[in-house]
Amino acid sequence: MVKFEIKKVFLRRGNQMAVALLALLLCVVCFFAGNISYVNESGETETGFQAVKKLREEQKEWAGLLDEVKIRKVIEENNKISQTPEAKSEDFQENDKAFHKKQGFQEIRNLLNYAYAEGFRDYNYFRADSLKPEDASEFYKNRIVLLKEWLSGEGKELFSETEKEYLIKKYESLQTPFFYDYVEGWKQLFLYFPTILMILMLVLGYLISGIFAREFQWKADSILFSSMYGKNKAVSAKVKACFYIVTGIYWCTVLLYTGAVLFYLGADGAFCPIQANSSGWKSFYEMTNMEKYVLCAVGGYLGCLFISFLTMLVSGKTKSLAAAVVLPFVLVFMPSFLSNINHPAVAEILGLLPDRLLQLAQGTANFTLYEIGGKVLDGIFLLFLVYSVFCALLLPALKRMYRK
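The numbering used here puts the first residue of the sequence shown at 37, with every later residue one more than the last.
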């Protein structure tokens with residue numbers, strides 16, 4: 037019966053078009069994810085696989101522990117290049133020639149801009165150019181100092197004292213020095229991960245929406261649910277079909293996306309801490325790029341399962357295909373409108389909505405905390421806890437609803 041239900045889903049013309057659209061959008065997202073550039077000696081921008089290869093070779097020269105010696109060397113090299121005629125020229129082409137020489141340590145230079153910024157939320161692209169080699173010793177200390185200053189100033193009202201202590205302790209306990217490596221593959225993978233997961237969720241929601249709703253649309257519900265096995269085996273078959281469809285399409289899409297991006301750009305830096313590149317510098321989570329990837333992939337799967345099960349529940353309650361189709365769109369896009377409301381309570385609610393499971397690639401950089409009974413819990417832990425429980429509760433709820 038499960039095979040029959042799955043077959044019914046994929047025999048529909050509209051569902052076939054949805055899967056084809058998913059495949060097309062997957063190719064488009066992979067194209068943009070792999071679109072990185074390299075500036076050659078002449079100041080001209082190159083793209084394509086050769087550009088990736090050249091950029092990787094130059095950044096690999098700076099791979100290793102990001103200790104005081106390495107940071108001092110980067111500052112010295114950056115200052116040396118900044119004093120060249122090309123760097124001081126008002127001609128953009130000449131500036132690009134100077135930039136070519138900095139590409140190998142450009143990501144470390146970005147970290148310098150964050151570490152020596154005037155404030156925790158400030159960023160000045162040219163800050164690294166004003167540093168001296170002796171400033172290297174303050175690189176990791178400044179990360180903690182800037183956080184403390186922000187928590188006692190601009191961010192004072194955003195967190196309780198317990199939450200502030202939690203963040204500071206997390207920053208101080210982070211193992212340093214970081215290991216630095218070429219990580220363009222992981223950076224691009226994480227950059228477009230939320231996009232591919234949201235597309236996946238919308239397509240899966242469309243496919244799942246009709247599993248129960250079409251029985252009511254075709255007026256076949258009275259026959260199905262009054263038959264001998266209609267309220268048990270038939271319902272179980274539909275729920276299992278939903279699970280298999282979501283699981284199969286989700287992991288096929290995610291693994292194809294991962295494989296394509298990392299094969300093209302390289303999987304180097306899998307075990308570097310996420311703080312070793314600019315997108316994760318401020319994160320308080322102690323994890324590597326590989327661990328972050330597993331977190332994002334499993335979180336996205338949990339989010340897709342929950343929304344799919346909820347879609348089936350809504351389709352059964354409302355007996356409306358339209359309501360079931362619209363639900364995933366509402367859950368994905370509604371938070372974007374609510375985020376414009378600047379209120380702490382709204383921010384806490386938004387932090388626990390299911391769409392956040394699809395955006396964990398960016399969520400690891402956020403300070404989403406909840407204090408419960410004097411204990412501080414991070415938002416990602418709560419998301420996994422809450423939606424694991426919800427998924428476990430939705431399964432028996434679906435079966436009970438159709439057995440009435």
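Accuracy of the hints is not assured; some may be wrong.
[Said to hold, decoys possible] Capping the alpha-carbon separation at 27 Å, the derived lysine-lysine pairs in DSSO-like fashion look like this: (1) Lys43 / Lys269; (2) Lys138 / Lys184; (3) Lys168 / Lys200; (4) Lys177 / Lys96.
[Unchecked claim] DEER-style ranges, computed between Cβ atoms: (5) Met53 / Val334: 26 to 36 Å; (6) Trp287 / Phe417: 19 to 29 Å; (7) Gly191 / Ser375: 42 to 52 Å; (8) Glu201 / Arg48: 48 to 58 Å; (9) Phe215 / Ser73: 32 to 42 Å; (10) Val330 / Ser372: 24 to 34 Å; (11) Ser372 / Val334: 52 to 62 Å; (12) Leu60 / Phe365: 15 to 25 Å.
Keep in mind that the hints were calculated from the coordinates and are not lab data. Heads up, the beta-carbon is just placed ideally off N, CA and C, and yes, glycines get one too.
Against the structure, the hints come out as follows:
{"no.": "1", "hint": "Lys43 / Lys269", "verdict": "17 Å, holds"}
{"no.": "2", "hint": "Lys138 / Lys184", "verdict": "31 Å, violated"}
{"no.": "3", "hint": "Lys168 / Lys200", "verdict": "32 Å, violated"}
{"no.": "4", "hint": "Lys177 / Lys96", "verdict": "26 Å, holds"}
{"no.": "5", "hint": "Met53 / Val334: 26 to 36 Å", "verdict": "29 Å, holds"}
{"no.": "6", "hint": "Trp287 / Phe417: 19 to 29 Å", "verdict": "23 Å, holds"}
{"no.": "7", "hint": "Gly191 / Ser375: 42 to 52 Å", "verdict": "18 Å, violated"}
{"no.": "8", "hint": "Glu201 / Arg48: 48 to 58 Å", "verdict": "55 Å, holds"}
{"no.": "9", "hint": "Phe215 / Ser73: 32 to 42 Å", "verdict": "26 Å, violated"}
{"no.": "10", "hint": "Val330 / Ser372: 24 to 34 Å", "verdict": "27 Å, holds"}
{"no.": "11", "hint": "Ser372 / Val334: 52 to 62 Å", "verdict": "24 Å, violated"}
{"no.": "12", "hint": "Leu60 / Phe365: 15 to 25 Å", "verdict": "19 Å, holds"}
Hint compliance for this structure: hints 2, 3, 7, 9 and 11 are broken, all remaining hints hold.
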